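Participant: So the protein sequences, as listed, match chains X and F.
Heads up: the first sequence begins at 1 in this note's numbering, then just goes up one per residue.
Heads up: the second sequence begins at 1 in this note's numbering, then just goes up one per residue.
It is worth saying that the hints were derived from the structure and are not from the lab.
Just so you know, these numbers come straight off a predicted model, no measurement behind them.
Incorrect hints may have been included.
Identical copies look the same in the list; a pair holds intra-copy or inter-copy alike.
[What the hints assert, rightly or not] Computed cross-link-like contacts, EDC-like style, restricted to lysine to aspartate or glutamate with a CA-CA straight-line distance of at most 16 Å:
(1) LYS28 with ASP133
(2) LYS2 with GLU170
(3) LYS28 with ASP6
(4) LYS28 with ASP42
(5) LYS89 with GLU170
(6) LYS2 with GLU26
(7) LYS261 with ASP272
(8) LYS89 with GLU35
Next come the chains, spelled out residue by residue.
Protein chains: 2
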Amino acid sequence: MKTFLDCYPCFLDQALRAGRMATDDENKIKELLDEVGCMIRDIPLEHTPPETGEIIYRKVRKITGVEDPYRSVKQSSIEEALDLYPELKKIVDKSDDRLLTAIRLAIAGNVIDLGVRRRFVLTDEIGKILDQDFAIFHYDAFREHLENTASVLYIGDNAGESVFDRILIEELGKPVTYAVRDIPVINDVTMEDAIASGIGEAAEIISSGSPAPGAILRFCNEQFLEKFEHSDLIISKGQGNYEALSEVHRPVFFLLKAKCKVIAADLEVQVDDIVLKGIDA
Amino acid sequence: MKTFLDCYPCFLDQALRAGRMATDDENKIKELLDEVGCMIRDIPLEHTPPETGEIIYRKVRKITGVEDPYRSVKQSSIEEALDLYPELKKIVDKSDDRLLTAIRLAIAGNVIDLGVRRRFVLTDEIGKILDQDFAIFHYDAFREHLENTASVLYIGDNAGESVFDRILIEELGKPVTYAVRDIPVINDVTMEDAIASGIGEAAEIISSGSPAPGAILRFCNEQFLEKFEHSDLIISKGQGNYEALSEVHRPVFFLLKAKCKVIAADLEVQVDDIVLKGIDA
Numbered sequence: 001m002k003t004f005l006d007c008y009p010c011f012l013d014q015a016l017r018a019g020r021m022a023t024d025d026e027n028k029i030k031e032l033l034d035e036v037g038c039m040i041r042d043i044p045l046e047h048t049p050p051e052t053g054e055i056i057y058r059k060v061r062k063i064t065g066v067e068d069p070y071r072s073v074k075q076s077s078i079e080e081a082l083d084l085y086p087e088l089k090k091i092v093d094k095s096d097d098r099l100l101t102a103i104r105l106a107i108a109g110n111v112i113d114l115g116v117r118r119r120f121v122l123t124d125e126i127g128k129i130l131d132q133d134f135a136i137f138h139y140d141a142f143r144e145h146l147e148n149t150a151s152v153l154y155i156g157d158n159a160g161e162s163v164f165d166r167i168l169i170e171e172l173g174k175p176v177t178y179a180v181r182d183i184p185v186i187n188d189v190t191m192e193d194a195i196a197s198g199i200g201e202a203a204e205i206i207s208s209g210s211p212a213p214g215a216i217l218r219f220c221n222e223q224f225l226e227k228f229e230h231s232d233l234i235i236s237k238g239q240g241n242y243e244a245l246s247e248v249h250r251p252v253f254f255l256l257k258a259k260c261k262v263i264a265a266d267l268e269v270q271v272d273d274i275v276l277k278g279i280d281a
Numbered sequence: 001m002k003t004f005l006d007c008y009p010c011f012l013d014q015a016l017r018a019g020r021m022a023t024d025d026e027n028k029i030k031e032l033l034d035e036v037g038c039m040i041r042d043i044p045l046e047h048t049p050p051e052t053g054e055i056i057y058r059k060v061r062k063i064t065g066v067e068d069p070y071r072s073v074k075q076s077s078i079e080e081a082l083d084l085y086p087e088l089k090k091i092v093d094k095s096d097d098r099l100l101t102a103i104r105l106a107i108a109g110n111v112i113d114l115g116v117r118r119r120f121v122l123t124d125e126i127g128k129i130l131d132q133d134f135a136i137f138h139y140d141a142f143r144e145h146l147e148n149t150a151s152v153l154y155i156g157d158n159a160g161e162s163v164f165d166r167i168l169i170e171e172l173g174k175p176v177t178y179a180v181r182d183i184p185v186i187n188d189v190t191m192e193d194a195i196a197s198g199i200g201e202a203a204e205i206i207s208s209g210s211p212a213p214g215a216i217l218r219f220c221n222e223q224f225l226e227k228f229e230h231s232d233l234i235i236s237k238g239q240g241n242y243e244a245l246s247e248v249h250r251p252v253f254f255l256l257k258a259k260c261k262v263i264a265a266d267l268e269v270q271v272d273d274i275v276l277k278g279i280d281a
């Protein structure tokens, strides 16, 4: 997905929030805003937003000296989600369609997104999404791909959400590779976070190689690209991965909740809609 | 009021909205965002926000070639408000405290602020504000100043809101000078708008000399400054004038609805609160 004009103020807002997570020093945050502001002229509309996200969070690290401003927030998100795990399993057990319920839960976990200026109460969100109609619902195509694939590549999004991903992974019935960000960026899931979320008990975890808040292919490593080229089912979680991958020609299924109006418009859905969208599905 | 860190993304957002009012040319709007983004490093936290607003809207004019992007919106706002005028007069006529009701209506008109990203329905807003408690309520001091002053300086804010200002002016019972922006900036009230609002029938209209979306004294002309120095009651409408004048030492009373969290925090009130605040009152 390209960058829309509305993304530019949002870039500055993201820098501000990340700066505040990293430091209380107003002058450092101002310096960060100065640099990100001046960078806007170097960000063409043709770039995908996570390419810019990568530069912003690199600047946050450089200016504040903090490598992972969201570290403790991510740990709390994972702990909160792990506490819910037994209950989530019960919800799946009691449901008529285990796979669909697990997909819904995986989307519910996608609210744990600190790149977006929104508040949420996780348990409220779960209840809502279990009953919500999908705005795009390529479930039949998803099941068909799942049936015919030897393995699944699952591209994670946020820490904490990763526990919800595990619920879905456990319903797929195929070998799963779970790809994470290469380094900490916003509250996105890294190797350490995926392990803490218990993903290792259900899937192989690899780094995508991407330091951006989205699996931008030109950043990705060979191991990831090999899986990406050969898997017959790729699950892409969240907005950042959608922005990075919306125009590829592979059997990618996007699972997300539309949280910003730009992405909602690109998907032709409304903000707060939930989506299970297969490319060419 | 100084600039807060949260103001910087908002500056970019304001530029985007003004750019879109002026043109459909995405490249021109991008150029505007580039320039405003790069300008951030030249805006110290010590500046008042309307000083930056002045630069932004100057850039909008320069890059798009449109002198008054909000012209037709302002005309519609004035027409809508003029249609309400007879009803507003009746509300005052029926009230127990004409002056206070007129103050409330003048604040209700302050929702017509296109510098802020908010939607409103004017008639809903009037009903709400007629019943709303003030978060700051220096009404006794206001009345005392009104009683003892020979004349009133009334600093207008937005076009359309100006019709609501007329309602209050008509209840003051003293000669009133109504000060407007020197040139079009956002949807702020200019000489032309004030005349179209019928203010000329109730007050003398002057330009403050300020091309900024707030009466920044160093921009103001002699005629305005003379009134500002000698009037024993100055009414300042809206956020932009508050930002410009919050630290002066004159008998200024701020009438506004807090629409952004930065200004609400500076006033120690909540967003959506209504305020009648006298300096040193």
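Participant: Work down the list of hints and note, for each, if the structure agrees.
Facilitator: How the hints compare with the structure:
With identical chains, the CA atoms of LYS28 and ASP133 are never at most 16 Å apart, being 44 Å at best within one copy and 40 Å at best between copies. Proximity of LYS2 to GLU170 under the C-alpha cut-off of 16 Å is found in neither arrangement, the shortest distances being 34 Å within a copy and 54 Å between copies. Taking the shortest alpha-carbon separations for LYS28 and ASP6, only the inter-copy value of 14 Å comes in at or below 16 Å, while the best intra-copy value is 25 Å. In this homomeric assembly, LYS28 and ASP42 come within 16 Å of each other (Cα to Cα) only across copies, at 15 Å, whereas the closest approach inside a single copy is 22 Å.
When the C-alpha separation of LYS89 and GLU170 is checked against a cutoff of 16 Å, the pair qualifies only within one copy, where the shortest distance is 10 Å, while the shortest distance between copies is 68 Å. Taking the shortest alpha-carbon separations for LYS2 and GLU26, only the inter-copy value of 13 Å comes in at or below 16 Å, while the best intra-copy value is 32 Å. For the identical chains of this complex, LYS261 and ASP272 are intra-copy neighbours only, at 9 Å inside a copy versus 24 Å across copies, given an alpha-carbon limit of 16 Å. In the homo-oligomer, the alpha carbons of LYS89 and GLU35 never lie at most 16 Å apart, since the shortest distance is 46 Å inside one protomer and 52 Å across protomers.
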